[in-house]
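J.: Modelling step: build the complete structure from the supplied sequences, incorporating the hints.
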Amino acid sequence: MSPSECPSVEFGCHLPVFGPAATRANLLTFAREMEGLGYESLWASDHIVVPHAISSRYPYNATGKFPLPPDATFLEPLTALGMVAAVTERAKLGTTVLVLPHRHPVLAAKALATLDHLSEGRVILGAGVGWMREEIELLGAPFDQRGAWSDEAIRVMRACWGDERTSFQGRFFTFSDMGCFPKPVRGDIPIWMGGHARPALRRIVALADGWHAAFPTAEGLEAGVRELREECARQHRPFEELTITLRAGLALRTSPGGPDRKALQGTPEEIVGDLRRYQALGVSHVLMEASYRDPAQMIRTFETFASDIRPLV
Amino acid sequence: MDFGWHLPCYGPLATRENLIRVAQEAEACALESVFVSDHLALPFEAATPYEGSRSGAFPIPPSASFLEPLTALAVVAAVTERVSLGTTVLVLPHRHPVLAAKTIATLDHLSGGRVIVGAGVGWLREEIEMLGVPYDRRGAWSDEALDVMKRCWADERSKHAGEFFRFGDVGCYPKPVQEPYPPLWIGGRSAAAYRRVARFGDGFHAAWSPPDLMRDQIREVFTACGEVGRLGTDLTFSVRAGFAVRDQPSSRPTASLVGPAAFVIEQIARYAGVGVGHIVLEAPLRSLEEHLSLMHRFIEEIRPFTEDA
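As they're listed, the protein sequences go chains A and B. Residues in the first sequence are numbered from 822 upward in steps of one, following my numbering. Residues in the second sequence are numbered from 601 upward in steps of one, following my numbering.
A few of these clues could be false.
As the list claims (entries may be wrong) - Quick list of simulated restraints, FRET-style, between CB atoms:
1) B:Q624 / A:G942: 21 to 31 Å
2) B:H896 / A:G942: 24 to 34 Å
3) B:R682 / A:G1079: 45 to 55 Å
4) A:R986 / B:E617: 20 to 30 Å
What the hints assert, rightly or not - Facing chain A, according to a computed beta carbon distance under 8 Å, are these residues of chain B, among others:
5) A664
6) S665
7) T671
8) A678
9) R695
10) H696
11) T703
12) M730
The set of hints was computed from the structure by calculation and includes no laboratory data. Given the structure is predicted, the values throughout are model-derived calculations rather than measurements. Glycine residues also receive a C-beta, built at the ideal position from the N, C-alpha and C atoms.
T.: Following this line, the structure appears as structure tokens:
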């Protein structure tokens, strides 16, 4: 595909929701400024506690160690997005990702529908099954069955959003004849599932509206898209129905990187190249995360991207 | 006397514009607080009677919009600066206590320390069971949940070992701005509720109690305090009351502040006389304009005459 045949790409920004930058002033200022710069979406992540001892391997860096200390501030994402909803008008509001086992699905469905209602239809549910055993078990979900639990949780949420009278009978959740209102403004909330293992890809094709890849390498993304196409064929679902999205760290550099350079971390030319590659794979939404260490610098990074890089894509 | 306004958080008025406008107007009118309520799903057939109506029927139909309260308060927190943000009441069994503590701490952090946690054990069997909590043990469950929430808010390393919850050594941050945690006002109308106030509460928050009943309840709370060796003089006594200005007082038990302005002023004086320090005004209104005009009538015709009380 040439770039002109590719779908246009939307861009989102990860909000300052953890560490010392996670203050009211930073959150609201950043959200307003990013919307003003034309970014299409704003995102928050989800941890409820950070255990002092973590046995599970963190899947998104080389060390396998969760990068935040137990005493790091980590905002509850739907509360943070509620604040952001009030001071923005147009930007979509997403979770990257909401860890499904952290919340009873009826509560999650209600909070998301409320956020959608009060933001007038702007919510995207990025969702995952989680990886941190201690946190998931603390919240009462069975870690080793979190996949099956999460599949059912998605069905419960969709029932809450879609049915006039909601009933559900499953392995983990059973109830009958309840009213769950407000309904989402658009009738449903798009669900973009994270994960890259085979069960995750099966879940995406069976239950979700899109794939939300977390920090993929170019090869990982390519392999994932290929496997999603195969899985779509197996499940008789048109691949084109899926929205392909990803989250990546953004860092602007002045000199070209070496062979280990990560995607979206480099010179403007390198980043444009990365984005064109994404586009060719069918990626339609890129969520970027810049270093929080200096909130003013974080805003400048996104300003530069908006003014100097985005027009080239 | 402090006053709060119940926000349009359910029914057709529960829109972005109305929620924000009413909250901002409450702040501009120097009301001390705004409050929202908590239902996640309503049964089409309810087995449990509602104590707030004579018939026992819940006055809000199951097909009515009912906003998730902490999400609604987050929206309100972003567009206000000073007004307190309360729940009347957060039904404890609706949320895992660690998640509830995290969400409330986040709201307190982002609002600059403005949260008031009105909390109760709930009454609606179908809703509580739907959320996975044993209805008949919701009192014990809620007591333990309050313990867990306090551990999450106050401790550097939180841990807990109980009947319903068990975990070791986790970090729960942010901590609330208010130290060691936001005011915890316990609701309910039973001996167990008064004991819970004595054991856990910074306040007692009654739903719909007229002044005479409030007097009895406050006495019972002090008795319960005595049983655990607490004076209770630090407690805030708060009531959620139906409010409207009209020619005749209402005979409905939930409508203790409905009537001519002079009657409402007298009733507020009665509340003050029995020790109430905070009233959440809730009016059954049909439009944003009605909310704003009733709020203005309260500020002009009633509040100035309650200051001596």
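J.: So, against the hints stated earlier in the document, which numbers end up violated here?
T.: none
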